[in-house]
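Asker: As given, the protein sequences belong to chains A and B, one line each in that order. For reference, each letter of the first sequence is one residue, going 1 to 455 in full-length UniProt numbering. For reference, each letter of the second sequence is one residue, going 1 to 455 in full-length UniProt numbering.
Please note that the accuracy of each hint is not assured.
Since the list gives no way to pick one copy over another, a pair counts as held whenever it fits inside one copy or between any two copies.
Calculated pairs, DSS-like style, for lysine-lysine (alpha carbon to alpha carbon, straight line, at most 25 angstroms) [stated by the list, open to error]:
1) Lys-400 / Lys-153
2) Lys-410 / Lys-27
3) Lys-153 / Lys-119
4) Lys-410 / Lys-345
5) Lys-27 / Lys-305
6) Lys-27 / Lys-228
7) Lys-353 / Lys-112
8) Lys-153 / Lys-420
9) Lys-250 / Lys-305
10) Lys-455 / Lys-396
11) Lys-340 / Lys-112
12) Lys-455 / Lys-239
13) Lys-59 / Lys-455
14) Lys-400 / Lys-410
15) Lys-12 / Lys-396
16) Lys-353 / Lys-250
17) Lys-396 / Lys-27
18) Lys-455 / Lys-250
19) Lys-400 / Lys-95
The hints are simulated quantities; they were obtained by calculation from the structure and are not laboratory data.
Here are the chains, one letter per residue:
Protein chains: 2
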Amino acid sequence: MTTKENIGFFFKPESIALIGASPNPEKLSYTILENLLNMGFQGKIYPINPGYQEIRGLKCYPNPGEIEDRIDIAIFAVPASIVLEILDGPVENIKGAIIISSGFREIGPEGKEMETRLKEILDKKGIRAMGPNCLGIYDTVSNVDTFFIKSDKVERPARGGVSVLTQSGSFAAMIMDELANEGAGVARVVSYGNKVDVDESDCIEFLTDDEATKAIALYIESVGNGRKFLAAASRCVQKKPVVALKVGRKEPGARAASSHTGAVSGRYEAYEAAFRKAGIIEVESYEELKDACKVLNRYSLAEGKRVLIITDGGGIGISIADACEEAGLRVPEIPDEAVKRLKEKLPVFASVKNPIDLTGSVRDEHYIYALQEAFREGYDLAIVSLLWGPPLLTPKIAEKIRDFADSCGKPILICSPGGKFSREMASALTATGMPVFFTPDSAVRAAKVLCGGIK
Amino acid sequence: MTTKENIGFFFKPESIALIGASPNPEKLSYTILENLLNMGFQGKIYPINPGYQEIRGLKCYPNPGEIEDRIDIAIFAVPASIVLEILDGPVENIKGAIIISSGFREIGPEGKEMETRLKEILDKKGIRAMGPNCLGIYDTVSNVDTFFIKSDKVERPARGGVSVLTQSGSFAAMIMDELANEGAGVARVVSYGNKVDVDESDCIEFLTDDEATKAIALYIESVGNGRKFLAAASRCVQKKPVVALKVGRKEPGARAASSHTGAVSGRYEAYEAAFRKAGIIEVESYEELKDACKVLNRYSLAEGKRVLIITDGGGIGISIADACEEAGLRVPEIPDEAVKRLKEKLPVFASVKNPIDLTGSVRDEHYIYALQEAFREGYDLAIVSLLWGPPLLTPKIAEKIRDFADSCGKPILICSPGGKFSREMASALTATGMPVFFTPDSAVRAAKVLCGGIK
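Chain A with its partners taken away, still in its complex shape (with noise of 0.2 angstroms):
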């Protein structure tokens, strides 16, 4: 049996118990059967509480063992002693768990004791479990979320390419919230805490094989099982790009995460050379795996790290130009050639170098002819820069950017800064699926991430 038979029915699930659930609104359990309700999961849905008779026109069951029906995920929203209570009765149709009770491992010695309790029961009974202390999962492929956090203070991304691995709950719902906010899409975010079975290893094996995702992008507070995550990632990073983010890096960072999820950090460095070896790229902050993980839901890796960089205002085409030399990409010049060609067809104080200036007299078009002409001359992504000043450009530049991108295989990051009207305006670009970021160095994170983090 394959690690991906055992733990892919967490994301192709037909039934999902809600232990705990409730018709309290200001109980988890009640969010979490709104949020799955809301998800438009196809599966059925078992409310199961010993109190009640039905829970929001469901049947609510008094324990699991009562459902005659196989269960692939039981969601454990009750307080820890009565998941290892439950667990410990008869629960063998129950396939998996996703256990979000907090109080184990990351509250000391005491709940470490809960913990192994745990572990040596679901080893007993054969479920495999993600958590505890965990959000569990959103998954806009299946259509599941077991998130506990109403989507109205975190907003649900739309379907995407990448999918996000995280031990901190707060974490995921941090990234999910800021890229739906940014128009960025994810397929699925598994958040799973504690780690008591269900690992980053486990997970990053299945979705090497998914076809919904394109790349992958991991939060790591620490990795319990070193061989197995290094061959679960090369294997992977053949097939799609995987990301990393390393937190607890440092004493005070890796003090915190061992009170987080009891996870124990470990020397930075041994990481750092896994994700070399593996051939996972790096990422040096959160703001760059958000970033990543905008890039990568469009583009997988560019062939090379020479940049065009394409812009309507001159100071932030230098901006952009010095922040890509500082990541270590590269911005050759237009050769003579071709600057004469573009010339011909640019806005007549354009400065045709790169950065291509085309300065606040730019047409829609000036953009796409700059991309089809200079990009013949070897570069191998673009860096398309638009401040909206500029009172001929449209929002119509978004189809017309898409399309150049699609006809012409290699990457094109949008970088748009601003307010209110700018993030109107970018939004038309957003829309097409195109990137959007939204500062000058946002992009050249990006851009750096897709020439495969570069050190």
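Since chain A is already given, all that's left is putting chain B on it; use the hints.
Answerer: Frame of chain A; chain B shown alone:
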């Protein structure tokens, strides 16, 4: 006559003439007049255009010489050749000019010659000038706005403490738009373009003694007179913090700068050394400069670099701690005695280390307890990170934190990531004047600036 007397009138003008004024909404000058009126400028406004008797209810003059009044600022919104023609005519009543017109040094030899002639005329007539190829002044103190970009395209920040000096107009517009959008203010913004006369050093000299300016942010492509700059900056940093972003640090950016404002970027190392010598805090990116503006609106520099981190989400606390250590800040542990005191007052599962994780059980007052108790232990500044998932957290925390910040005399920075809901919650904090940052990295960049940029 000191330089302050020389250019101070640009920042408290009693009369402004708009050369090239027009009732045609498609003209840049139309937008300038509209912005001046919207801004509530209290002095006289004189439209100048031989083709009109009156524009927007204001008497229109054929040329500046016809106005029987001193003109503190004459805004030139006419083609380059007309600028020269008018300045060569009867303009004895003009003290200062803001020449927004492009077509000078930035376009090559022909334009360079025009600019040389412009300089000769200005010198002969004793007129001080900003530009050409610039946006001029946005000033929340004197209510002047000479920018030719509509305020629905680029938002205008409210009054704040930071003044921004920049060669690049698009940079000025971009940072103003973003600061306004993030609820941060500015004192005065000057975009001086090609610097035919007034340059960064003149502006720094004026702002050194300007009570409305608490700190200065510089965007530098090039400095013409290094000695003058060093003298002005060295005097200024005795009174208020000065931060600078040097762009065109690397060859491609320098190339672009030369065709942008005709700037010769020069060796970056020379700038770096000059900044250090003058005591200027150098920032490394656009994002860092923006973060600096936000934090310096409220705080002056911290006394040391010992950072206290308080959060309600474990993952984000770790990310902040990592970023602090990597930036050269310190995140020292909380002494045992203080931990004991804190544990009595904080949620039962709270992790009382540094970072302090108040967990999802947090109430508003826990943040205040934590600040009160832990701040006694020698920390120099705090980063307070708020995730808005915890159900008992309310926007009322904003005033509580602000009040504590007012009383404790140490900088407290807010980190509040997330999408729509979080931004709304965070706006309660922004409204109190607290600086709010939307990623862990951003908050740490600001903290780094408060610690002198640490190198």
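Asker: For each hint, tell me whether it holds in the structure or not.
Answerer: Hint-by-hint comparison with the structure:
no., hint, result
1, Lys-400 / Lys-153, "between (35 angstroms within a copy, 22 angstroms between copies)"
2, Lys-410 / Lys-27, "neither (48 angstroms within a copy, 39 angstroms between copies)"
3, Lys-153 / Lys-119, "neither (33 angstroms within a copy, 58 angstroms between copies)"
4, Lys-410 / Lys-345, "within (22 angstroms within a copy, 56 angstroms between copies)"
5, Lys-27 / Lys-305, "neither (51 angstroms within a copy, 42 angstroms between copies)"
6, Lys-27 / Lys-228, "neither (37 angstroms within a copy, 66 angstroms between copies)"
7, Lys-353 / Lys-112, "between (61 angstroms within a copy, 19 angstroms between copies)"
8, Lys-153 / Lys-420, "both (21 angstroms within a copy, 8 angstroms between copies)"
9, Lys-250 / Lys-305, "between (30 angstroms within a copy, 16 angstroms between copies)"
10, Lys-455 / Lys-396, "neither (38 angstroms within a copy, 45 angstroms between copies)"
11, Lys-340 / Lys-112, "between (70 angstroms within a copy, 22 angstroms between copies)"
12, Lys-455 / Lys-239, "within (22 angstroms within a copy, 41 angstroms between copies)"
13, Lys-59 / Lys-455, "neither (56 angstroms within a copy, 64 angstroms between copies)"
14, Lys-400 / Lys-410, "within (15 angstroms within a copy, 51 angstroms between copies)"
15, Lys-12 / Lys-396, "neither (39 angstroms within a copy, 43 angstroms between copies)"
16, Lys-353 / Lys-250, "between (42 angstroms within a copy, 14 angstroms between copies)"
17, Lys-396 / Lys-27, "between (46 angstroms within a copy, 23 angstroms between copies)"
18, Lys-455 / Lys-250, "both (20 angstroms within a copy, 18 angstroms between copies)"
19, Lys-400 / Lys-95, "neither (49 angstroms within a copy, 48 angstroms between copies)"
Checked against the numbered hints above, the structure violates hints 2, 3, 5, 6, 10, 13, 15, 19; every other hint is satisfied.
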